[in-house]
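Here are the chains, one letter per residue:
Protein chains: 2
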Amino acid sequence: MKLEGRLSKDNINPHLLDIEYAVRGPLLQRAEQIQRELDKGVKKPFTKVIYANVGDCHALGQKPITFIRQVLSLVSDPECIASSAAPEDVKQRARELLADCTSGSVGSYSPPAGLRIVRRRGAEYLRKRDGGVPADVDDILLGAGATDLIRAVFQLINCPVDGKPPAVMVPVPQYPVFSGLLAELGVRRVDYQLSEDAGWALDPRELRRSWLAHAGDHALRAIVIINPGNPTGQVLSRENIEEVVRFAYEHGLLILADEVYQENIVCKPFHSFKKVMHEMGEPYASMDLCSLLTLSKGWSAECGLRAALAELRVCRDVSAVLGRARAVAQCPPVLGQCALDCVLRPPAPSEPSYAQFSQERSQIHRTLCARAAAAHAAFNDIPGYSCNTIDGAMFAFPRVEIPARAQAAAASLGHTPDEFYCLRLLEATGICVVPGSGFGQAAGSFHFRTTILHERDTFHHMLREFRRFHLMFREEFADEE
Amino acid sequence: MKLEGRLSKDNINPHLLDIEYAVRGPLLQRAEQIQRELDKGVKKPFTKVIYANVGDCHALGQKPITFIRQVLSLVSDPECIASSAAPEDVKQRARELLADCTSGSVGSYSPPAGLRIVRRRGAEYLRKRDGGVPADVDDILLGAGATDLIRAVFQLINCPVDGKPPAVMVPVPQYPVFSGLLAELGVRRVDYQLSEDAGWALDPRELRRSWLAHAGDHALRAIVIINPGNPTGQVLSRENIEEVVRFAYEHGLLILADEVYQENIVCKPFHSFKKVMHEMGEPYASMDLCSLLTLSKGWSAECGLRAALAELRVCRDVSAVLGRARAVAQCPPVLGQCALDCVLRPPAPSEPSYAQFSQERSQIHRTLCARAAAAHAAFNDIPGYSCNTIDGAMFAFPRVEIPARAQAAAASLGHTPDEFYCLRLLEATGICVVPGSGFGQAAGSFHFRTTILHERDTFHHMLREFRRFHLMFREEFADEE
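Taken in sequence, the protein lines are chains A and B.
Residue numbers for the first sequence follow the numbering used here, beginning at 3 and rising by one.
Residue numbers for the second sequence follow the numbering used here, beginning at 3 and rising by one.
Calculated from the structure, these hints are not laboratory results.
Be aware that a few hints might be false.
The list treats identical chains as one, so a pair stands whether inside a single copy or across any two.
The list that follows gives simulated cross-link-like pairs (lysine to aspartate or glutamate, DMTMM-like), each with its CA atoms no further than 25 Å apart [to be verified]:
| id | residue 1 | residue 2 |
| --- | --- | --- |
| 1 | Lys166 | Asp12 |
| 2 | Lys11 | Asp481 |
| 3 | Lys277 | Asp20 |
| 4 | Lys65 | Asp205 |
| 5 | Lys45 | Asp319 |
| 6 | Lys45 | Asp459 |
| 7 | Lys50 | Glu245 |
| 8 | Lys50 | Glu467 |
| 9 | Lys166 | Asp20 |
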């Protein structure tokens, strides 16, 4: 083939070159390499790599919810329903879901927006969550994971307005799916800094500063809020949400509320943007809003099944356009939709699966609360570490003091100080975390994100190792007297 | 919210307004409305709508392959493996797949490119398919359906080259996923016409004509070939493939070979682009190529599970960039990947599931062949209809003469003649097909696409109804003497 014809880094879409996704970045590659070395018998100060980079509960040993898996098993193989030993509510759920699949097969396409039964239950779930605030089934859109839905929303606003290129406001720190998708689509990311000193709250002055700094050159179309925070773990107060809503109203921004951790709550009450906006009344109640919920998080944590839900409150014309665009890809995975149905309408107390379901769900919640408290205490007990309260989600994002000599050593290797720190941590302890720079952090501050999902013994081993490593690291790079 | 802030048709991405997907277009909406009327007891000349718009075998009554569903059932609920009455090879397959899932759960994320075991089996499948031509597991990329993978490839070439906007050559008629995705991404579609008179072959003169007409203003980056054809049903000859390969080489085009119907072959032998390019030797053997295979088609026809495979032969730098970009969306649905594994490595003759599997697969193939022959014969027997041989895929795309008076009536209603014809067909018979204009067709010619997947009685009823309707229609719109 003529050389100039073949695809090369010089002639492909440069937006793709800009995508960075630190959660699966160079640290993970090195971790996987180390594990292969260990497998070959190479001696290291540890016997296996501990992956703490991805919020993937099942990968870290959390058992699936029995009810969900029993339902999946029966909808996959309906001939077994009659003879199955599964509880009657499992069989009933399988029959209901199959009745909504064309010709009773999960192998048929669902409608592009998702199975009607699952969308109905989504609306009902939101109504109950928000104490009766109405939710319209026509606003419910299912997707193959939250990324699929976020991309759809970003694509919707991906056009210049009055000659200005589009932009989206994104928190710092953020979950890099936002920066990654915006980079792919060539939409400008406009950062606003969360207030670490105020428990990672959103400061309206900072929102205004950021808006003013960019609105001259860009059409700011949307603001992303991650609540509960990822990687930061805060749950926003009602007052803070109201401030954000007023800001978004004032500047005509669609609110993209990433609320995927809404079922992973440790201590503070979760307020949905939808509910707060409804209670603020008009004009806020009718603003554009996209709120996300996913099967991959919460107590189900079924990452591999790829299902998520958006409540997309925009005018009907716009949702119709999006619906037609999404029909090209046919539909989200039907088995994922079936599992999502189990989350949206879990077993009720009167049903035979309830006892086991309730026990499993409580256990997952208890574990999260215990891990969050232990991580918070342990990190604040390490000299040079500080860590805000972990209100929700499934991560800790401690701040770490990195000595000037270590920063210089990092620079000499072409690493950021936090990358250097995390690499050294990996080499010394086998623990693979994600450097704060992968999420963004205030200049001069350094962090890392670790999941807090490991089983008890591994988790406490990790906490001890963080401490042991940090003391070693401090000593190695202590300022010369 | 300030009015200018809310999303409206006037301020969203205009590319999305350009997307048309006739397979789920206005005809389907009317069909669904008619079905609702029937459900309410409204009298019509028929008792139910017959959906022939989507190639969705399960929706039309095809039974799932037992082996696939048994495996899905066990990987979903691994606690049942020991006690299950399923054959030993089903259990073995479930254990193998779970061994490749992190911590043995299909609820864990897989690597972004897919489970290693499935990709390995993909490479092995391709090697066997092509009589030993090597296939590299690193070239195998799994996706959430073929659309996901096609979008990824289009996004890769979505950038100007030497100041010229990117473009992709697409056949006419085409499957509208191509036009839809190109419209979404704002990449120019450059049409080339298939030769209906030559059994829907690709005419190299037409390829050159199309290239010459557009290469001045556009950077032509890729050529889409659909083989077996959709909606057209042809299987390309080896010679024709060689001609296309030489053309693509000469103009430095990536070949995007949509070969998703490669297991739906009626009569002519299927030649993969990969094999032909390999056998042509250098420089053709090393050209850029993306070839597609999907779980949604073939004998599995598991549309709802959303899994597909691309063999993407581009330089490693480029596939690495794509890999990083795709990691943002984490991974394709793991249960879909498990089902795809069963297609890539079906039960072997020595295994206990083979007899039933083989019987089920043969039955599906026999049905396809019988339907293709019956449709071809019936359509060519209707005065004013003509239909090429259906070599593969799962559609008929007959050409229909539409009287001048009917064309005028269509124009007066703002419809194309074929839309008008299909709407009248729907109202008269309840059969929902897709007008040829949804795929593209030579000026002055009119077609529609119907699936040929219905069970025997419905199918023969459809064929009789097409005839009855057309004679009626001809009479209604006959030229006045």
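To see whether the hints hold, each was checked on the structure:
1. Taking CA atoms no more than 25 Å apart as the test, Lys166 paired with Asp12 passes between copies only; the shortest distance there is 15 Å, against 27 Å inside one copy.
2. In the homo-oligomer, the alpha carbons of Lys11 and Asp481 never lie at most 25 Å apart, since the shortest distance is 43 Å inside one protomer and 61 Å across protomers.
3. With identical chains, the CA atoms of Lys277 and Asp20 are never at most 25 Å apart, being 36 Å at best within one copy and 35 Å at best between copies.
4. Taking the shortest Cα distances, Lys65 and Asp205 never come within 25 Å of each other, neither inside one copy (39 Å) nor across copies (57 Å).
5. Taking the shortest alpha-carbon separations for Lys45 and Asp319, neither the intra-copy value of 62 Å nor the inter-copy value of 32 Å comes in at or below 25 Å.
6. Taking the shortest Cα distances, Lys45 and Asp459 sit within 25 Å of each other inside one copy (22 Å), while across copies they are farther apart (69 Å).
7. For the identical chains of this complex, Lys50 and Glu245 are neighbours neither inside a copy (46 Å) nor across copies (54 Å), given an alpha-carbon limit of 25 Å.
8. In this assembly of identical chains, the alpha carbons of Lys50 and Glu467 lie at most 25 Å apart only when taken from the same copy (13 Å versus 67 Å across copies).
9. For the identical chains of this complex, Lys166 and Asp20 are neighbours both inside a copy (21 Å) and across copies (21 Å), given an alpha-carbon limit of 25 Å.
In summary, the numbered hints that this structure violates are 2, 3, 4, 5, 7.
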